[in-house]
Amino acid sequence: DVKVTQSSRYLVKRTGEKVFLECVQDMDHENMFWYRQDPGLGLRLIYFSYDVKMKEKGDIPEGYSVSREKKERFSLILESASTNQTSMYLCASSPDGNSPLHFGNGTRLTVT
Amino acid sequence: QKEVEQNSGPLSVPEGAIASLNCTYSDRGSQSFFWYRQYSGKSPELIMSIYSNGDKEDGRFTAQLNKASQYVSLLIRDSQPSDSATYLCASLGNTGKLIFGQGTTLQVKP
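Going down the list, the sequences are from chains A and B.
End of the first sequence sits at 113 in the numbering used here; the numbers just go up one at a time, nothing left out.
End of the second sequence sits at 91 in the numbering used here; the numbers just go up one at a time, nothing left out.
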């Protein structure tokens, strides 16, 4: 089975802090994704990557950046956390552009 | 903006009944469709994939695809209280990005 591991299940940070959310997958998948999920807004794509050192903006990239130095690891960075970034963050991976996504367990981030 | 539309519900069915969840999509170029189940506070879990017109069955689940009508559905037979969750429909179009619907909340009453 595909395993997508997010480093933290719950995280509390202060406004203005730099926040790193880490995601690792163990199936040699090419594609990795970061979403956030908020009540009433559904899943929204923040960034995605089709290859090492490659990144593409999703629908809501403002306030975020990403890093993919190794194939298995995709990091989401909040440069200066704000309260409106309080959300559930979901990492996902897929082997190619025609396959479904496999999600990690999610990180519930609270910014105070 | 390519969209996937679902009725948010809640859809309430008695235990043992058939639950029918529906989804429409706007991108005619979409080729692949997926149903995810999401329990409260958990991440989405893939339960069905469908790529061609017609029905695809897996246990108590049947996915149906009609590309001419741009319509996807999920039937859950013999619904159980443990099926109570939010069901997300997703389509994969030519952009390579998966587009999710808002989800339908299903409640199965004992």
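Hints are supplied without guarantee of correctness; some may be wrong.
Mimicking BS3-like on lysine-lysine, the simulated pairs with C-alpha atoms at most 25 Å apart in a straight line are [as the list claims (entries may be wrong)]:
{"no.": "1", "chain 1": "B", "residue 1": "K78", "chain 2": "A", "residue 2": "K56"}
{"no.": "2", "chain 1": "B", "residue 1": "K23", "chain 2": "A", "residue 2": "K4"}
{"no.": "3", "chain 1": "A", "residue 1": "K72", "chain 2": "B", "residue 2": "K78"}
{"no.": "4", "chain 1": "B", "residue 1": "K90", "chain 2": "B", "residue 2": "K48"}
{"no.": "5", "chain 1": "A", "residue 1": "K56", "chain 2": "A", "residue 2": "K71"}
{"no.": "6", "chain 1": "B", "residue 1": "K48", "chain 2": "B", "residue 2": "K23"}
{"no.": "7", "chain 1": "B", "residue 1": "K90", "chain 2": "A", "residue 2": "K54"}
{"no.": "8", "chain 1": "A", "residue 1": "K58", "chain 2": "B", "residue 2": "K90"}
{"no.": "9", "chain 1": "A", "residue 1": "K54", "chain 2": "A", "residue 2": "K4"}
{"no.": "10", "chain 1": "A", "residue 1": "K4", "chain 2": "B", "residue 2": "K90"}
{"no.": "11", "chain 1": "A", "residue 1": "K71", "chain 2": "A", "residue 2": "K4"}
{"no.": "12", "chain 1": "B", "residue 1": "K78", "chain 2": "A", "residue 2": "K71"}
{"no.": "13", "chain 1": "A", "residue 1": "K14", "chain 2": "B", "residue 2": "K37"}
{"no.": "14", "chain 1": "A", "residue 1": "K4", "chain 2": "A", "residue 2": "K72"}
{"no.": "15", "chain 1": "A", "residue 1": "K72", "chain 2": "A", "residue 2": "K56"}
{"no.": "16", "chain 1": "B", "residue 1": "K23", "chain 2": "B", "residue 2": "K78"}
{"no.": "17", "chain 1": "B", "residue 1": "K48", "chain 2": "B", "residue 2": "K37"}
FYI, nobody ran anything at the bench for these hints, they're computed from the structure.
What are the numbers of the hints that this structure violates, sorted from low to high?
4, 6, 7, 8, 10, 13
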